[in-house]
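S.K.: Adding 113 to a residue's 1-based position in the sequence shown gives its number in our numbering.
Calculated from the structure, these hints are not laboratory results.
For glycine and all other residues, C-beta sits at the position ideal for the given N, C-alpha and C.
Treat the hints with caution; some may be incorrect.
[Stated by the list, open to error] Derived DEER-like restraints, expressed as beta-carbon distance ranges:
id : residue 1 : residue 2 : range
1  : SER837    : ALA548    : 43 to 53 Å
2  : SER225    : PRO203    : 21 to 31 Å
3  : SER225    : GLU481    : 39 to 49 Å
4  : ARG382    : SER357    : 17 to 27 Å
5  : ASP739    : ALA341    : 47 to 57 Å
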Amino acid sequence: MSGLAQLLRRHREAVGLTQEELADRAQLSARTISDIERGVRSRVYPDTARRLSVALELGKPELETFVDVARGRRVVSREIPVTQPGVPRPLTALLGREQELSELVRDLDPASAIRLVTITGLGGVGKSRLALAAATELEPLYGGRIHMLPVVANQEPEHLLGALARSLGVSDRASLADVGAHLSGGPTLLLLDSLEHVLVAADDLEVALMAVPDLRILATSRQRLGIAGEREIALMPFTVPDPSDPRWAESPATALFLERVRAHSPQLRIDAEVVIDVCRRVSGVPLALELAAARVRHLPPTVLRDRLRRGVGDLEDAGRGADRQRSMAQVLAWSIATLNADERLVLRVASLFVAGWRLDAAARLCGEHLDVVRATSGLVDRSLVMLDRSPEGPVDVPRWRMLDVVREFVRGQDSQAVPADLRRTYVDFYVELVAHVQQHLGREHEWFQLLATEEPNIRTALTWAAEARDAESVLRLAGGVWHFWQARGGLAEGREWLGTGLSMTPPAEAVTRMTAWWGVGWLAYHQGDDTAAEAAAQELEELAHRHQDAGALRNALTIHGMVAIARETTADASRLLGEALSIAQGLGSGWILATSLLNLGLAHLAAVETEQARRRLAEALAAYEDLADERFRARCLGYLGLVSLLENDPVRARALYQQSLAVFGRLAEPGGTAEGLAGMAAVEASLSHAARAALLAGAGERLFESHAGRALPLERRTTARYLSSAKQLLGSEAWSAEWHRGRELPLADALELALASSSASAG
114 MSGLAQLLRR
124 HREAVGLTQE
134 ELADRAQLSA
144 RTISDIERGV
154 RSRVYPDTAR
164 RLSVALELGK
174 PELETFVDVA
184 RGRRVVSREI
194 PVTQPGVPRP
204 LTALLGREQE
214 LSELVRDLDP
224 ASAIRLVTIT
234 GLGGVGKSRL
244 ALAAATELEP
254 LYGGRIHMLP
264 VVANQEPEHL
274 LGALARSLGV
284 SDRASLADVG
294 AHLSGGPTLL
304 LLDSLEHVLV
314 AADDLEVALM
324 AVPDLRILAT
334 SRQRLGIAGE
344 REIALMPFTV
354 PDPSDPRWAE
364 SPATALFLER
374 VRAHSPQLRI
384 DAEVVIDVCR
394 RVSGVPLALE
404 LAAARVRHLP
414 PTVLRDRLRR
424 GVGDLEDAGR
434 GADRQRSMAQ
444 VLAWSIATLN
454 ADERLVLRVA
464 SLFVAGWRLD
474 AAARLCGEHL
484 DVVRATSGLV
494 DRSLVMLDRS
504 PEGPVDVPRW
514 RMLDVVREFV
524 RGQDSQAVPA
534 DLRRTYVDFY
544 VELVAHVQQH
554 LGREHEWFQL
564 LATEEPNIRT
574 ALTWAAEARD
584 AESVLRLAGG
594 VWHFWQARGG
604 LAEGREWLGT
614 GLSMTPPAEA
624 VTRMTAWWGV
634 GWLAYHQGDD
644 TAAEAAAQEL
654 EELAHRHQDA
664 GALRNALTIH
674 GMVAIARETT
684 ADASRLLGEA
694 LSIAQGLGSG
704 WILATSLLNL
714 GLAHLAAVET
724 EQARRRLAEA
734 LAAYEDLADE
744 RFRARCLGYL
754 GLVSLLENDP
764 VRARALYQQS
774 LAVFGRLAEP
784 GGTAEGLAGM
794 AAVEASLSHA
804 ARAALLAGAG
814 ERLFESHAGR
824 ALPLERRTTA
834 RYLSSAKQLL
844 GSEAWSAEWH
854 RGRELPLADA
864 LELALASSSA
874 SAG
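Construct the complete structure from the given sequences, taking the supplied hints into account.
M.R.: Now the structure itself:
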């Protein structure tokens with residue numbers, strides 16, 4: 114290696130820059146930096162030497178030496194120290210690592226009993242930057258006795274102790290006793306960066322720590338060292354904020370991206386949604402954020418965002434930024450290259466699960482011969498995957514997840530399409546999982562979170578089943594999930610998947626198609642498509658008669674009855690929903706019976722038979738409470754609020770609506786939340802709080818539109834009368850202004866307004 118190569122690397126690592134960061138700061142290509150450090154170029158042009166010296170912030174003596182060596186006017190010894198006492202000063206502020214920094218300073222205080230701390234994490238997650246910050250904070254406590262030893266990729270493990278001794282100012286041939294004697298003047302901290310390259314030398318470090326009591330080590334590595342007494346701080350990517358968060362720009366991910374963008378393009382302004390989408394596409398990994406920010410010099414932010422939507426690898430074809438993008442790929446490629454065959458297979462299988470994966474799912478796809486837990490542990494050790502500690506899903510089923518940037522890289526390395534047998538196994542797993550979930554109809558608290566977690570994976574299974582023209586699997590999947598889609602606002606997606614499966618030939622089994630038509634009917638009804646809902650009910654009714662299926666007949670009658678309510682044929686509605694209740698009483702399903710009571714209560718409500726409506730709704734409410742079904746219990750409370758409103762008892766109506774709305778807001782169900790907001794608007798209107806009514810009405814209408822749903826016709830007709838009076842009271846112009854202001858309210862603010870006491874008039 115040339116003297117210039119050693120000198121440049123030493124200065125670059127002293128200021129904590131990667132090759133790509135130095136290239137960007139010096140306005141050179143990353144290839145130029147790489148060629149110099151690899152010894153391909155032993156001298157450079159004067160302008161290049163000047164750019165590098167400025168970017169490295171060299172003082173006068175160092176500047177003269179560097180320029181002379183770079184121009185070939187001076188030869189330096191090949192024994193240039195790999196480090197020097199003191200802590201390199203980073204050129205940028207540390208963002209978003211306050212807690213980890215505090216832990217490091219506490220653990221490595223000279224008075225602490227901890228001797229070794231390892232910062233672990235995926236390459237590019239910011240381990241080295243955090244270590245430098247901690248060393249800077251600790252420098253006064255160690256009296257300046259802090260040394261840094263960067264470990265290069267081609268470092269020979271057997272020479273690590275020699276390099277360590279040399280970095281501490283001792284000959285690399287000195288014994289550990291000599292090193293100990295040299296450090297006897299007080300505690301010393303050694304910062305070892307990128308130790309994943311020499312993990313086999315970890316035993317030597319353990320020997321050094323035991324032999325030199327005054328020595329403490331702060332290491333960075335993509336996996337823990339496995340030394341007794343090691344304290345690990347696992348560094349995760351930054352969490353990407355939600356676009357609705359008013360403080361989104363203060364999040365570490367967005368703040369880092371924006372800071373780096375402004376360094377390149379100070380006058381550029383980027384919309385919040387674009388910034389957040391870019392941050393999400395690179396999984397909040399600090400290095401990836403910096404690489405993306407550097408591309409803003411070459412691409413408009415919206416174009417960058419669109420290219421990232423196609424995958425981070427799509428950036429590799431765009432000029433000098435390609436070298437920077439490959440640096441992230443190299444980080445991942447190195448980690449993957451260290452895997453054994455079993456770990457590689459599990460990583461490949463794991464990349465198929467967009468939303469993370471369950472242990473049983475990975476085991477099914479990998480085969481019984483493979484120890485999935487052991488292989489996954491290897492992936493966790495290298496920070497390629499992580500244990501999912503989120504509360505969703507059953508606590509007794511372990512789950513792991515993978516960053517999007519890792520998944521895209523793994524999928525990009527796999528040039529072959531996913532084999533048909535692997536797809537089949539994947540689809541079968543989710544068909545069985547959804548079938549198991551269906552057994553708990555009415556116990557959403559046990560399975561809605563599971564479906565919320567698995568929804569992207571189920572969507573993959575649906576796609577593969579549809580591509581295979583497998584109507585049975587498509588409809589068993591979609592038919593088992595439509596209740597969830599209805600609750601979470603996925604009305605259009607649900608209808609599309611059910612329609613896809615029903616249009617396929619050969620068709621699915623009759624029982625599967627009956628469940629699908631039931632879902633189509635309800636989803637169409639909630640979208641306001643009564644014609645399609647009635648057509649679905651007719652198909653379902655014919656199948657039910659043909660196969661003598663009482664449950665399916667009850668479902669068909671229910672849809673017919675709800676359409677009759679929408680069309681204000683209340684006598685037909687009462688007859689149809691009464692028949693459905695009679696059938697439900699013989700089916701042995703508590704949830705079906707409770708729902709039939711609820712539906713008949715709505716028929717009475719449509720006929721303004723409030724006493725009968727209250728009785729049926731109260732029966733349904735008690736049944737749902739026995740079933741612990743929060744969602745439908747909240748629905749009953751809202752409809753009882755409507756009964757109280759019709760009986761001119763707005764105080765009781767408000768209490769019932771607020772109870773209902775609090776549950777729907779917590780469950781994040783858009784349909785029920787929108788109904789509650791509309792009901793509260795009517796209550797406020799009945800109390801002559803016209804401005805407040807307009808705000809809530811606007812917020813409710815906006816929420817209905819957000820998921821292509823509609824207010825149920827019965828409720829809309831009832832609440833419209835009260836809102837019309839409030840509009841006259843307030844005046845059309847003022848009403849319109851407040852209504853539009855309500856549409857712009859964040860949902861959290863609308864809920865707070867609806868759930869607050871309205872004893873003081875708002876209009």
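S.K.: Could you run down the list of hints and mark each one as holding or not?
M.R.: Going through the hints against the structure:
For the pair SER837 and ALA548, the supplied restraint of 43 to 53 Å holds, since their beta-carbon distance comes to about 48 Å. Distance hint check for SER225 and PRO203: the Cβ-Cβ separation is about 24 Å, which falls inside the suggested range of 21 to 31 Å. For the hinted restraint 39 to 49 Å between SER225 and GLU481, the CB-CB distance of approximately 47 Å keeps it satisfied. The supplied range of 17 to 27 Å is met by ARG382 and SER357, whose beta-carbon atoms lie about 20 Å from each other.
About 56 Å separates the C-beta atoms of ASP739 and ALA341, a value consistent with the hinted range of 47 to 57 Å.
The structure agrees with every numbered hint stated previously.
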